[in-house]
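K.L.:
Each chain, letter by letter, is given below.
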Amino acid sequence: MRLEETCERTLNHSTDWAALYSQLVHLGVSDPLFQAERFHKVPVKFLRSIAEQLFEQKQQGINAHSVATAKLACLVYGALGGKKNSVSIEFFLPFEKTAKGDGLKDSTIAAIKWAIKHHSLPPAIVGMIGAELA
Amino acid sequence: MAMSKYSDFFLIGSPQYFELGEKLKLRAYGSWLAEEVWCREKQSKKRAQFTLEVIRLARKIARAKDISEDEAFAMLQAGEEERGALFAEFSEEVDKLMAASPSSRDQTEELVTLFFKNRGEVLDGKKWLATEDWSKEDTQKLPSAMIAKIEQFMVQEDGAEEAEGDGEEEDGPK
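Line by line, the protein sequences are chains C and B.
Read left to right, the first sequence gives residues 1 to 134 (my numbering).
Read left to right, the second sequence gives residues 1001 to 1174 (my numbering).
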């Protein structure tokens, strides 16, 4: 019976409040609004939105902390594989870039290009960031 | 309570209200609160559990009476007189099950009471006061037209959640 399946689904799939709460705590939310005694009074839509945003921020933070290692990995990969074997730094980052945070701003790229053109950056740095400006 | 780092996400500006006449209103958040969703899920589980019990009994009757499960299920939901003769030997079991049937009215009253506890405000003289101590008895005194209006507000507040598409309301016996 289809109705039976629907009932089973209702019984087995409901919001895991403990998981949502611990996710927020794990993501570093310490605001009084989210304390256990207030948690049940917070709009669900807001809770989900905050959890999503914090998760995204955490991923970006982990990526940021991994950039140096990823760049080194790129260099090693390039050195071992030869010039033809180039790989994007994102390949070595733990999380994929989100669609929203789409890299450097145009103004930043223009400034870096200006610095490169006027030899204001050490060649080693130029070598490391060159691929991202292309 | 002092404003917190995140409060302004939804508390900033003038709060929105759903007017229920001149002296009563409900705060609108554009979403159900966690406690309200928890209550609704608890009610849905209760209804689902009851429906499964009815299905289980319908199967038992169908086997004993050599009729289809759907037929037995439909008969169980029919009036007491209609099912009485056919299911005489199961009457005790049927009556016990039907007595445990979750009342739609009780569930609505429970949710409406919770909405008033969490969001209600009443005009006392010139001052709006929160109705945190709203009771089920208070809800029972509300006219049915107002209850219907509150249910409409609930749907409105739930709009965004529904659009995200869980909509897993079971169509079990009421």
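Bear in mind the hints are in silico, worked out from the structure with no lab data behind them.
Hints may be right or wrong, so weigh each one.
Stated by the list, open to error - A short, non-exhaustive set of chain B residues, derived as facing chain C with CB atoms under 10 Å:
no., residue
1, Ala-1034
2, Arg-1047
3, Arg-1105
4, Asn-1118
5, Val-1122
6, Gln-1156
Claimed, not checked - Taking lysine to aspartate or glutamate and the EDC-like style, the derived pairs with C-alpha atoms no more than 20 Å apart in a straight line are:
no., chain 1, residue 1, chain 2, residue 2
7, B, Lys-1046, C, Asp-31
8, C, Lys-41, B, Glu-1110
9, B, Lys-1141, B, Asp-1158
10, B, Lys-1045, C, Glu-8
11, B, Lys-1060, C, Glu-90
12, B, Lys-1042, C, Glu-8
Note that the Cβ used here is the ideal one computed from N, Cα and C, for glycine as well.
K.L.:
Work down the list of hints and note, for each, if the structure agrees.
P.N.:
Do the hints match the structure? See the list:
| no. | hint | result |
| --- | --- | --- |
| 1 | Ala-1034 | 5 Å, holds |
| 2 | Arg-1047 | 8 Å, holds |
| 3 | Arg-1105 | 20 Å, violated |
| 4 | Asn-1118 | 6 Å, holds |
| 5 | Val-1122 | 19 Å, violated |
| 6 | Gln-1156 | 13 Å, violated |
| 7 | B:Lys-1046 <-> C:Asp-31 | 34 Å, violated |
| 8 | C:Lys-41 <-> B:Glu-1110 | 16 Å, holds |
| 9 | B:Lys-1141 <-> B:Asp-1158 | 25 Å, violated |
| 10 | B:Lys-1045 <-> C:Glu-8 | 9 Å, holds |
| 11 | B:Lys-1060 <-> C:Glu-90 | 60 Å, violated |
| 12 | B:Lys-1042 <-> C:Glu-8 | 14 Å, holds |
Checked against the numbered hints given earlier, the structure breaks hints 3, 5, 6, 7, 9 and 11 and satisfies all the rest.
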